[in-house]
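Participant: Work out the full structure: start from the sequences and follow the hints.
Those protein sequences? They're chains A and B, same order as listed.
In terms of the working numbering, the first sequence opens at residue 14 and continues consecutively.
In terms of the working numbering, the second sequence opens at residue 59 and continues consecutively.
Note that these hints are calculated values from the structure, not bench results.
Quick caveat, the model's predicted, so the values are computed rather than measured.
Glycine included, every Cβ here is placed at the ideal spot set by N, Cα and C.
Heads up, a few of these hints could be off.
What the hints assert, rightly or not - Restricting the straight-line Cα-Cα distance to at most 25 Å, the calculated cross-link-like pairs of lysine-lysine (PhoX-like) are:
#1 B:Lys528 / B:Lys197
#2 A:Lys95 / B:Lys513
#3 B:Lys339 / A:Lys170
#4 B:Lys339 / A:Lys52
#5 B:Lys151 / B:Lys529
Said to hold, decoys possible - Computed spacing ranges between beta-carbons, pair by pair:
#6 A:Ile295 / B:Asn474: 31 to 39 Å
#7 B:Asp287 / A:Leu30: 55 to 63 Å
#8 B:Gly207 / A:Leu30: 53 to 61 Å
#9 A:Val74 / B:Thr447: 32 to 40 Å
#10 A:Gly279 / B:Gln385: 25 to 33 Å
#11 A:Ile295 / B:Gln385: 44 to 52 Å
#12 A:Ile295 / B:Thr273: 35 to 43 Å
#13 A:Asn104 / B:Asp210: 39 to 47 Å
#14 A:Asn104 / B:Asp533: 51 to 59 Å
#15 B:Glu274 / A:Leu302: 37 to 45 Å
#16 B:Gly207 / A:Leu302: 52 to 60 Å
#17 B:Glu274 / A:Val74: 49 to 57 Å
#18 A:Pro249 / B:Gly207: 54 to 62 Å
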Amino acid sequence: MIKYLTRRLLFMILSLLLIITATFFFMRLAPGNPFTSEKQLPPEIEANLNEHYGLNDPWYVQYGDYLLRIVQWDFGPSFKYKSQTVNDLINEGFPVSLVLGLEAIFIALAVGVTLGIIAALKHNKWQDYLAMIIAVFGISVPSFIMAAFLQYIFAIKLGWFPVARWGTFSQSVLPAIALAAGPTAFIARLTRSSMLEVLSNDYIKTARAKGLGELVITVKHTIRNAILPVVSYMGPLSAGVVTGSFVIEKIFGIPGLGAHFVKSIGNRDYTVIMGVTVFYSIILLVSVLLVDILYGLIDPRIKLAGGKKGE
Amino acid sequence: MKKKMLVLLSLVLALSAFLAACGGKSGDDKEKVSQNLRLNLSTEPFSLNPGLANDSASGNVLRQTFDGLTRIGKDGEPENAIAEKIEVSDDQKTYTFKLRDAKWTNGDAVTAEDFVYAWKWALDPKNESQYAYQLYYIKGAEAANTGKGKLDDVGVKAVDDKTLEVTLANPTPYFTQLTAFYTYLPVNHKIAEANPNWYKDAGDDYVSNGPFKMTEWKHSEKIVLEKNDTYWDKDTVKLESVEFSMINDPNTTLSMFDNDELDRAGAPFDTVPTDSMKALKDKGTLQTQAIAGTYWYKFNTEVEPLNNVNIRKALTYAIDRQSIVDQITQGGQIPAMAAVPPSMFSENEKGYFKDNDVAAAKEALAKGLKELGLKDASELPTITLSYNTDEAHAKIAQAVQDMWKKNLGINVKLGNEEWAVYIDKLHSGDYQVGRMGWLGDFNDAINFLELYRDKKGGNNDTNWENAEFKKLLVDSQTETDATKRQQMLKDAEAILMDELPIAPIYFYTDSWVQKDNLKGIVISGLGDAQLKWAYFE
Numbered sequence: 014m015i016k017y018l019t020r021r022l023l024f025m026i027l028s029l030l031l032i033i034t035a036t037f038f039f040m041r042l043a044p045g046n047p048f049t050s051e052k053q054l055p056p057e058i059e060a061n062l063n064e065h066y067g068l069n070d071p072w073y074v075q076y077g078d079y080l081l082r083i084v085q086w087d088f089g090p091s092f093k094y095k096s097q098t099v100n101d102l103i104n105e106g107f108p109v110s111l112v113l114g115l116e117a118i119f120i121a122l123a124v125g126v127t128l129g130i131i132a133a134l135k136h137n138k139w140q141d142y143l144a145m146i147i148a149v150f151g152i153s154v155p156s157f158i159m160a161a162f163l164q165y166i167f168a169i170k171l172g173w174f175p176v177a178r179w180g181t182f183s184q185s186v187l188p189a190i191a192l193a194a195g196p197t198a199f200i201a202r203l204t205r206s207s208m209l210e211v212l213s214n215d216y217i218k219t220a221r222a223k224g225l226g227e228l229v230i231t232v233k234h235t236i237r238n239a240i241l242p243v244v245s246y247m248g249p250l251s252a253g254v255v256t257g258s259f260v261i262e263k264i265f266g267i268p269g270l271g272a273h274f275v276k277s278i279g280n281r282d283y284t285v286i287m288g289v290t291v292f293y294s295i296i297l298l299v300s301v302l303l304v305d306i307l308y309g310l311i312d313p314r315i316k317l318a319g320g321k322k323g324e
Numbered sequence: 059m060k061k062k063m064l065v066l067l068s069l070v071l072a073l074s075a076f077l078a079a080c081g082g083k084s085g086d087d088k089e090k091v092s093q094n095l096r097l098n099l100s101t102e103p104f105s106l107n108p109g110l111a112n113d114s115a116s117g118n119v120l121r122q123t124f125d126g127l128t129r130i131g132k133d134g135e136p137e138n139a140i141a142e143k144i145e146v147s148d149d150q151k152t153y154t155f156k157l158r159d160a161k162w163t164n165g166d167a168v169t170a171e172d173f174v175y176a177w178k179w180a181l182d183p184k185n186e187s188q189y190a191y192q193l194y195y196i197k198g199a200e201a202a203n204t205g206k207g208k209l210d211d212v213g214v215k216a217v218d219d220k221t222l223e224v225t226l227a228n229p230t231p232y233f234t235q236l237t238a239f240y241t242y243l244p245v246n247h248k249i250a251e252a253n254p255n256w257y258k259d260a261g262d263d264y265v266s267n268g269p270f271k272m273t274e275w276k277h278s279e280k281i282v283l284e285k286n287d288t289y290w291d292k293d294t295v296k297l298e299s300v301e302f303s304m305i306n307d308p309n310t311t312l313s314m315f316d317n318d319e320l321d322r323a324g325a326p327f328d329t330v331p332t333d334s335m336k337a338l339k340d341k342g343t344l345q346t347q348a349i350a351g352t353y354w355y356k357f358n359t360e361v362e363p364l365n366n367v368n369i370r371k372a373l374t375y376a377i378d379r380q381s382i383v384d385q386i387t388q389g390g391q392i393p394a395m396a397a398v399p400p401s402m403f404s405e406n407e408k409g410y411f412k413d414n415d416v417a418a419a420k421e422a423l424a425k426g427l428k429e430l431g432l433k434d435a436s437e438l439p440t441i442t443l444s445y446n447t448d449e450a451h452a453k454i455a456q457a458v459q460d461m462w463k464k465n466l467g468i469n470v471k472l473g474n475e476e477w478a479v480y481i482d483k484l485h486s487g488d489y490q491v492g493r494m495g496w497l498g499d500f501n502d503a504i505n506f507l508e509l510y511r512d513k514k515g516g517n518n519d520t521n522w523e524n525a526e527f528k529k530l531l532v533d534s535q536t537e538t539d540a541t542k543r544q545q546m547l548k549d550a551e552a553i554l555m556d557e558l559p560i561a562p563i564y565f566y567t568d569s570w571v572q573k574d575n576l577k578g579i580v581i582s583g584l585g586d587a588q589l590k591w592a593y594f595e
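Facilitator: Set out below in structure tokens:
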């Protein structure tokens with residue numbers, strides 16, 4: 014197990030280095046710079062700024078400096094927000110995105126798995142069709158439409174929740190639902206199909222033949238096996254949802270990390286682009302690792318140390 | 059089974075922790091009659107240090123929290139603020155400001171030294187102020203900022219605590235407008251010297267001297283201002299507090315306005331969605347005001363066939379501006395047949411030529427083709443019309459493409475790029491026709507005309523230069539007679555509108571919706587809003 018973990022960690026560091034390198038150089042290839050603006054700066058001022066931020070140094074010096082700073086977890090100052098460093102942006106934005114993300118994952122799992130199980134157990138009955146219709150809607154309606162729809166119905170027409178902003182529980186309900194809609198539908202379909210597959214297995218028939226109750230069969234034998242695809246989907250899902258969905262955060266005016274992903278690129282805010290990318294990559298890599306470990310716990314047939322996953 | 063329970067349990071825990079963190083504060087926004095204003099700022103300000111600010115979001119806050127030597131009054135003209143009396147020397151190069159008894163929010167007196175400190179701080183190259191060039195009107199400022207001179211030689215001096223003497227490089231008739239601009243605001247030098255990071259957060263060290271003081275700043279989330287009881291003119295201020303949320307989605311903020319979560323939506327703090335303009339106008343709630351800004355197409359005057367002035371004339375005359383502002387922008391914009399906005403030259407509402415003058419366009423085209431040795435417009439190379447990616451710009455470009463094709467038979471290709479890429483292309487001259495806009499920094503025509511003074515001037519982009527035009531602008535700098543100076547600038551504009559390195563399209567407007575009982579928000583000719591006089595009825 015320890016050997017496996019060390020190896021995985023090494024690979025993670027390697028992937029991270031690749032991501033940093035690629036982002037660093039692609040970012041610089043894009044025309045424009047952080048000081049590009051409609052009202053062009055006098056050349057002397059721009060030169061002075063470039064000098065201050067080290068943008069005049071040769072690329073290998075800038076790259077080396079950057080790697081050194083990352084190791085010390087220092088992402089540098091933001092070009093666009095004078096009052097905050099990139100570390101500040103992440104420290105303030107991430108907890109917000111995390112809370113919103115966890116709430117969305119909770120909804121997605123609770124509703125998605127329930128719908129999936131009902132659909133599978135009532136295969137080809139009206140419950141199944143209803144659940145799948147809901148799922149198709151969830152997948153095919155883009156999140157920004159869903160968000161506007163929720164705002165219109167529940168905030169403007171019914172007045173149950175505020176339209177936007179962040180800070181109270183009621184303000185978090187609509188964005189969490191909007192963010193959860195897609196994943197919920199996906200999880201429902203995933204659960205349904207793997208449940209159906211598991212239900213047709215011999216050991217389920219054996220269990221039935223033994224005279225076990227339907228509830229015991231479902232909970233103890235079926236779900237445990239059927240949940241595996243959902244677990245593997247959880248890795249990328251939680252990374253994506255937890256670091257924030259740009260669209261949802263923008264529409265609901267939530268000061269999370271998601272907005273910085275997109276805005277920093279338009280602003281050519283080099284340090285924010287790098288910082289957020291590195292941070293996101295770390296979350297993604299770690300959550301994928303956690304999912305792999307979780308596999309072993311749920312399904313003892315998968316042996317991590319064996320080197321190959323038993324999928 | 060146990061492990062799964064564990065997973066579930068931890069999820070429940072996470073949610074309940076969140077619930078606990080969020081509880082307690084709900085059910086606000088209920089007091090309606092009170093003087094608490096809720097606005098939205100579309101983005102986190104770049105910096106709330108007057109010396110560093112260079113964007114509209116920062117300006118929108120600083121204008122409420124600071125008071126300069128002057129302030130743009132309700133009538134759009136600069137009026138004395140911290141300055142009690144202003145004396146101008148005969149050569150119009152020395153300004154002596156007598157300061158009134160005013161206080162910072164921490165009780166310190168506002169002194170002449172606070173202005174000297176703030177201006178020199180912004181000019182000091184090591185402080186990287188991107189707007190330091192706004193101070194270049196002061197003698198020695200440009201040299202100090204570009205490292206060619208010393209800060210000590212900058213023409214600003216505190217004669218005593220209450221007297222500030224400013225020496226200018228040239229007579230600048232609009233200097234009292236400039237002193238209302240945020241780069242010219244004072245900074246409490248005692249605080250700033252003791253704590254170089256004073257401006258990064260709200261708190262004891264964030265001191266200001268204006269109608270409001272900042273009491274809370276949650277970055278990217280909200281800014282809260284409260285009435286400043288140490289303000290010298292505090293009896294004028296009626297609002298108790300102003301809360302700026304920071305939401306960068308115009309549709310959301312309009313919904314919030316409809317749902318009574320905001321008291322106002324729209325320019326200059328944020329924007330009204332273009333799609334909703336018509337509906338709001340039909341409902342009669344949309345308010346608009348012309349501001350000092352021009353939306354124009356720039357011609358790269360060094361590429362064929364745009365190096366020919368008659369071709370440029372043909373293209374400029376053949377645009378139907380009225381239908382663009384009526385059908386596309388819909389915010390009450392004024393068709394522009396001149397470069398300088400009407401707030402500076404009032405006769406420019408009519409302009410130098412007729413809108414949508416197809417006959418004159420055809421005539422100019424025929425002349426241009428002859429000069430180029432071509433028989434027909436179809437022999438002209440296809441012209442690329444560029445714009446930065448945006449729905450409104452795209453619609454305007456499509457309309458113009460159609461007008462040029464229909465009226466002149468010229469083939470036009472559209473090209474669009476993301477903002478930073480686009481700006482870079484334009485500034486480096488890698489384009490044929492490109493859209494751009496200019497919003498005035500101060501209410502004087504020079505602000506618009508000097509863009510085209512030098513071929514290599516940072517914001518010219520057209521590669522156009524004209525000796526006579528340049529001479530008029532240079533001479534106007536030393537002209538002390540206001541009427542003569544105004545005439546020189548008008549003559550210069552006439553040259554610009556004859557040579558047409560740019561095709562003006564429309565003059566910008568601010569449009570917004572606000573609560574019926576919200577009064578007194580003053581929008582200046584430049585489109586800046588001030589809350590000093592605002593109140594709820």
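Participant: So, for every hint listed, does it hold in this structure?
Facilitator: Going through the hints against the structure:
1. B:Lys528 / B:Lys197: holds, 22 Å
2. A:Lys95 / B:Lys513: Judged against 25 Å, a Cα distance of about 33 Å means the pair is violated.
3. B:Lys339 / A:Lys170: Within the cut-off at roughly 22 Å; holds.
4. B:Lys339 / A:Lys52: violated, 32 Å
5. B:Lys151 / B:Lys529: Holds, at roughly 21 Å.
6. A:Ile295 / B:Asn474: 31 to 39 Å: 35 Å Cβ-Cβ, so the 31 to 39 Å window holds.
7. B:Asp287 / A:Leu30: 55 to 63 Å: Cβ of B:Asp287 to Cβ of A:Leu30: about 56 Å, so the range 55 to 63 Å holds.
8. B:Gly207 / A:Leu30: 53 to 61 Å: violated, 47 Å
9. A:Val74 / B:Thr447: 32 to 40 Å: holds, 34 Å
10. A:Gly279 / B:Gln385: 25 to 33 Å: holds, 28 Å
11. A:Ile295 / B:Gln385: 44 to 52 Å: For A:Ile295 and B:Gln385 the Cβ distance comes to about 50 Å; the hint holds.
12. A:Ile295 / B:Thr273: 35 to 43 Å: Because 36 Å falls inside the window, the suggested range holds.
13. A:Asn104 / B:Asp210: 39 to 47 Å: holds, 41 Å
14. A:Asn104 / B:Asp533: 51 to 59 Å: holds, 56 Å
15. B:Glu274 / A:Leu302: 37 to 45 Å: holds, 40 Å
16. B:Gly207 / A:Leu302: 52 to 60 Å: At roughly 59 Å between Cβ atoms, A:Leu302 and B:Gly207 fall inside 52 to 60 Å, so the hint holds.
17. B:Glu274 / A:Val74: 49 to 57 Å: Once the Cβ atoms are compared, 41 Å apart, the range 49 to 57 Å for A:Val74 and B:Glu274 is violated.
18. A:Pro249 / B:Gly207: 54 to 62 Å: At roughly 57 Å between Cβ atoms, B:Gly207 and A:Pro249 fall inside 54 to 62 Å, so the hint holds.
Of the numbered hints stated above, those contradicted by the structure are hints 2, 4, 8 and 17, listed in ascending order.
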